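Undergrad: Chain residues, written in single-letter form:
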Amino acid sequence: MEEKHSNPLESMNSNDENPPVSNSINKSVDSPPPRGDHKFTFHGSYKQYLGLSLYNLLLTVITLGLYYPWAKCAIRKFLWQETEVDGSRFEWHGTGKEMFRGFIKAYLVFGTLILLINFGPMFLPPSIVVWVILGAYLLILAFIPLAIHGMMRYRLSRTSLRGIHFGYRGVLKELYKKTAFDFLLTIITFGIYGSWLQINMRKYVLKHSKYGNVSARFAAGGGDLFGLTIVQSILIMITFYIYIPWAIIRFFKFYVENTVIIQDGKEYNLKTNATGGGYLWVLIKGSFLTIVTLGIAGPIASLMVHKYMTQSISLSGGFNFDNIEQTESAYNDATGDDMADILDLDF
Amino acid sequence: MKAYFIDGKTSKRRECELTFLEGNISIRYLDDAFKKQLSIWRTEEILKLDVRTTSRSLKYGDFPHEALEFPTDEGFNAVIERYPEALFHQSSYNKFTAFGWKGIAGALVSVVLVSLLFFFYGAPLLAEGFARSVPKEYESYIGENFRETYLQYLTVDSTKSVQIQKFYNNLRYESEYDVSVVVVESDVVNAFALPGGFIVVYSGILEVISNEEELAGLLAHEVSHINGRHSLRLISRELATYLLLASLTGDVGGFSSVLIENSNMVSSLSFSREFEKEADLEGFDLMVESSLNPEGMVGLFEKLGNVTDSLENKIVKKLTLDSSSTEFSLDSTSFHSGIAWEKAAEILSTHPAPKNRIQYLEKRLAGVNESVKYSKSDSLVFYFKKLKGH
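Just so you know, the protein sequences line up as chains A and B, in that order. First residue of the first sequence? That's 1 in this note's numbering, and the numbers climb one at a time after it. First residue of the second sequence? That's 348 in this note's numbering, and the numbers climb one at a time after it.
A few of these clues could be false.
As the list claims (entries may be wrong) - Each computed DSSO-like pair below joins lysine-lysine, with the alpha-carbon atoms no more than 27 Å apart:
hint : chain 1 : residue 1 : chain 2 : residue 2
1    : B       : Lys733    : B       : Lys723
2    : A       : Lys39     : B       : Lys349
3    : A       : Lys207    : A       : Lys39
4    : B       : Lys359    : A       : Lys266
5    : A       : Lys207    : A       : Lys177
6    : A       : Lys39     : B       : Lys356
7    : B       : Lys356    : B       : Lys383
8    : B       : Lys383    : A       : Lys285
9    : B       : Lys442    : A       : Lys207
10   : B       : Lys513    : B       : Lys483
11   : A       : Lys39     : A       : Lys178
12   : B       : Lys349    : B       : Lys395
13   : A       : Lys210    : B       : Lys395
14   : A       : Lys207    : A       : Lys178
15   : B       : Lys710    : B       : Lys720
16   : A       : Lys203    : A       : Lys266
17   : A       : Lys39     : B       : Lys359
18   : A       : Lys178    : A       : Lys203
19   : B       : Lys723    : A       : Lys210
20   : A       : Lys266    : B       : Lys356
21   : A       : Lys47     : B       : Lys442
22   : A       : Lys207    : B       : Lys359
23   : A       : Lys210    : A       : Lys177
24   : B       : Lys735    : B       : Lys650
25   : B       : Lys383    : B       : Lys359
26   : B       : Lys723    : B       : Lys710
27   : B       : Lys359    : B       : Lys395
28   : B       : Lys395    : A       : Lys97
29   : A       : Lys105    : A       : Lys178
30   : B       : Lys395    : A       : Lys47
31   : B       : Lys442    : A       : Lys97
32   : A       : Lys210    : B       : Lys356
33   : B       : Lys449    : A       : Lys47
34   : B       : Lys735    : B       : Lys723
Note that these hints are calculated values from the structure, not bench results. Keep in mind it's a predicted model, so treat the numbers as computed, not measured.
Work out the full structure: start from the sequences and follow the hints.
TA: Right, here's the structure in full:
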């Protein structure tokens with residue numbers, strides 16, 4: 001199970017939703033970060049999150065879903081503001097209104113395509129229906145880079161720490177050029193090449209992600225992810241799925257610890273001390289709570305996971321949070337954010 | 348008042364001193380001998396704290412924002428207390444938080460109430476309204492497409508189709524639709540209706556039926572589905588319920604999967620029990636109006652009851668042997684014999700039990716005025732015999 005809401009630091013430097021991990025970087029599983037490391041802490045109260053979730057739910061139900069972008073925005077404000085590093089909190093600058101505009105645009109595009117796929121057979125002549133549906137699927141595929149690009153631009157530009165905004169400088173055309181071939185290979189190889197596609201995209205996206213004058217890169221390659229996937233899949237199978245929480249943490253570690261932060265030419269590593277056992281324990285507690293309360297405590301359970309993952313992360317001590325310059329200009333198009341949401345992408 | 352000031356150009360935090368003035372806050376550098384003025388914030392330009400958290404920071408003005416970070420709660424609260432009328436700390440959510448656990452409980456109860464209201468009143472109302480607004484021509488058009496798609500998977504018995512159509516025409520059932528009936532070759536004991544006036548009868552059910560009144564009952568039932576626009580109403584109801592579920596789970600994005608489920612509903616053409624009952628009773632009335640003995644419908648369900656009893660045993664065996672293919676999709680070849688058992692299982696779950704159907708039909712039968720005379724139509728007998736191959 002992944003975190004429901006990505007937090008600021010994930011969008012800044014790691015992708016996490018299906019977290020993995022490389023073998024080389026898995027030495028100190030349980031050891032706490034050395035003194036002086038910048039540890040991420042999460043202060044959010046479960047009670048407040050439950051209240052916020054129910055408040056959002058009520059308004060969303062009453063408005064038949066139209067309130068959803070404002071709900072999402074409020075949740076993000078909560079998650080971002082409760083995440084602290086080096087004594088400062090992350091800030092979410094996005095607004096419900098911006099996200100509503102993105103939501104409408106994304107739904108116009110995807111709503112049409114999804115309706116076409118599902119209801120096309122009802123009102124299209126059978127002779128062309130297969131082609132129309134195939135075309136719609138390809139279009140959805142073709143929107144993935146656009147969605148990632150839009151999401152990164154919006155999400156990073158609306159996130160700040162110590163008054164310095166994050167930002168994404170990638171060029172959409174370049175992302176398409178870089179990934180078109182990878183997409184093709186992935187289709188031809190029935191998904192096997194997907195690991196390379198994913199990593200190449202991540203490399204590009206991270207390379208163009210900025211935090212003021214701080215930049216980042218992704219250190220691992222597609223082969224690493226592929227190998228990891230094979231090994232983890234085998235482990236999951238031979239343990240009859242018991243290994244799943246450990247596998248999820250391995251992937252999480254892979255993404256976090258291969259993310260390198262570059263400040264003034266020096267590289268700093270992100271680390272996580274999350275463990276499969278720790279993660280499993282959080283899952284058990286959360287599930288128990290959810291079941292006992294007939295689902296009402298669901299938001300608490302998802303926040304427990306979020307907190308566990310966030311608090312496991314630290315950045316090497318040498319990084320200087322006092323010495324970052326503002327380099328971004330304002331940006332406010334949220335379309336990509338909701339596209340990514342519909343496609344269930346979370347970078 | 349001490350705080351940290353961030354100027355929005357670099358991440359450096361500077362210790363500063365705040366002085367609260369009327370409508371604005373003066374910020375001065377603390378480490379400087381001259382206490383240099385860093386900024387003056389007008390309270391109306393302090394950015395809104397939509398969601399108050401444990402964060403103790405304020406942002407100001409346009410991008411790049413200046414910010415203040417407070418080392419203690421006291422400092423942060425002092426600002427809010429000093430400017431109680433200012434907008435930056437006011438939001439409907441923050442007002443809601445003031446109710447604490449009571450607010451949470453209230454929100455929970457309201458969610459449940461609103462959902463129930465919507466589920467039992469809103470969704471059906473919305474669905475019926477929508478279904479009514481769809482023009483008949485469009486409904487027929489949808490049905491036409493379905494028909495073409497389905498016929499790809501079915502083998503039509505053209506001789507029997509002509510006979511059953513003539514049989515149907517002689518029934519003189521009232522319908523606003525131009526109804527056409529076909530017989531397809533299959534062992535499956537079933538029949539179904541498509542929106543806009545198209546009825547498919549499997550040859551399997553013809554084997555079971557033993558007289559023309561039972562067949563008239565079957566067709567009356569199917570025509571009632573068409574007349575009642577049940578397919579359309581069912582899809583609309585599912586969609587309305589989906590809207591509720593999507594907003595409840597916050598997963599508006601996941602609507603693709605629900606839509607797929609909806610299409611499955613369409614493809615399997617399984618009417619809800621409610622619609623089945625409606626079709627039974629409406630069909631019953633259709634028969635009476637056409638002076639046909641409605642006991643034929645009771646007889647039909649008695650036969651179907653026997654079939655389902657023996658089917659249930661087979662289904663259990665079949666499902667334990669092959670439980671992998673219980674799903675249907677729109678392009679499903681569910682009419683191929685291999686999946687027919689699951690198809691039958693589905694009918695069991697979405698239709699009222701035959702015993703119940705016989706019960707309420709017999710009740711209806713008892714209510715029919717005794718003066719009503721049923722007639723025996725020679726042409727119906729004639730076409731029925733032809734259909735049975737006599």
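Undergrad: Taking the hints in turn, state whether each one holds.
TA: Okay, the hints, checked on the actual structure:
1. Lys733/B <-> Lys723/B: holds (17 Å)
2. Lys39/A <-> Lys349/B: holds (25 Å)
3. Lys207/A <-> Lys39/A: holds (23 Å)
4. Lys359/B <-> Lys266/A: holds (19 Å)
5. Lys207/A <-> Lys177/A: holds (16 Å)
6. Lys39/A <-> Lys356/B: Given that 27 Å is the threshold and the Cα spacing comes to 24 Å, the pair holds.
7. Lys356/B <-> Lys383/B: At roughly 18 Å apart (the allowed maximum being 27 Å), Lys383/B and Lys356/B satisfy the hint.
8. Lys383/B <-> Lys285/A: Violated: Lys383/B and Lys285/A sit about 53 Å apart, past 27 Å.
9. Lys442/B <-> Lys207/A: The hint is violated at about 42 Å.
10. Lys513/B <-> Lys483/B: Judged against 27 Å, a Cα distance of about 24 Å means the pair holds.
11. Lys39/A <-> Lys178/A: Distance of about 35 Å is beyond 27 Å: violated.
12. Lys349/B <-> Lys395/B: holds (21 Å)
13. Lys210/A <-> Lys395/B: holds (26 Å)
14. Lys207/A <-> Lys178/A: holds (13 Å)
15. Lys710/B <-> Lys720/B: The given pair, whose Cα atoms are some 18 Å apart, holds under the 27 Å limit.
16. Lys203/A <-> Lys266/A: Holds - the C-alpha atoms of Lys266/A and Lys203/A are around 18 Å apart, at most 27 Å.
17. Lys39/A <-> Lys359/B: Between Lys39/A and Lys359/B the Cα gap is close to 19 Å, so the pair holds against 27 Å.
18. Lys178/A <-> Lys203/A: Status holds; Cα separation ~11 Å.
19. Lys723/B <-> Lys210/A: It is violated: about 86 Å lies between the C-alpha atoms, which goes past 27 Å.
20. Lys266/A <-> Lys356/B: holds (22 Å)
21. Lys47/A <-> Lys442/B: The hint holds at about 15 Å.
22. Lys207/A <-> Lys359/B: Holds. Lys207/A to Lys359/B sits at ~25 Å (cutoff 27 Å).
23. Lys210/A <-> Lys177/A: holds (22 Å)
24. Lys735/B <-> Lys650/B: Holds, at about 16 Å.
25. Lys383/B <-> Lys359/B: Answer holds: Lys383/B to Lys359/B is near 16 Å, not above 27 Å.
26. Lys723/B <-> Lys710/B: Distance ~23 Å between Lys723/B and Lys710/B Cα, so the pair holds.
27. Lys359/B <-> Lys395/B: Holds, at about 23 Å.
28. Lys395/B <-> Lys97/A: Measuring from Cα to Cα gives roughly 14 Å; hence the hint holds.
29. Lys105/A <-> Lys178/A: It holds: about 26 Å lies between the C-alpha atoms, which stays within 27 Å.
30. Lys395/B <-> Lys47/A: holds (22 Å)
31. Lys442/B <-> Lys97/A: Given that 27 Å is the threshold and the Cα spacing comes to 20 Å, the pair holds.
32. Lys210/A <-> Lys356/B: holds (15 Å)
33. Lys449/B <-> Lys47/A: Holds - the C-alpha atoms of Lys47/A and Lys449/B are around 12 Å apart, at most 27 Å.
34. Lys735/B <-> Lys723/B: Within the cut-off at roughly 18 Å; holds.
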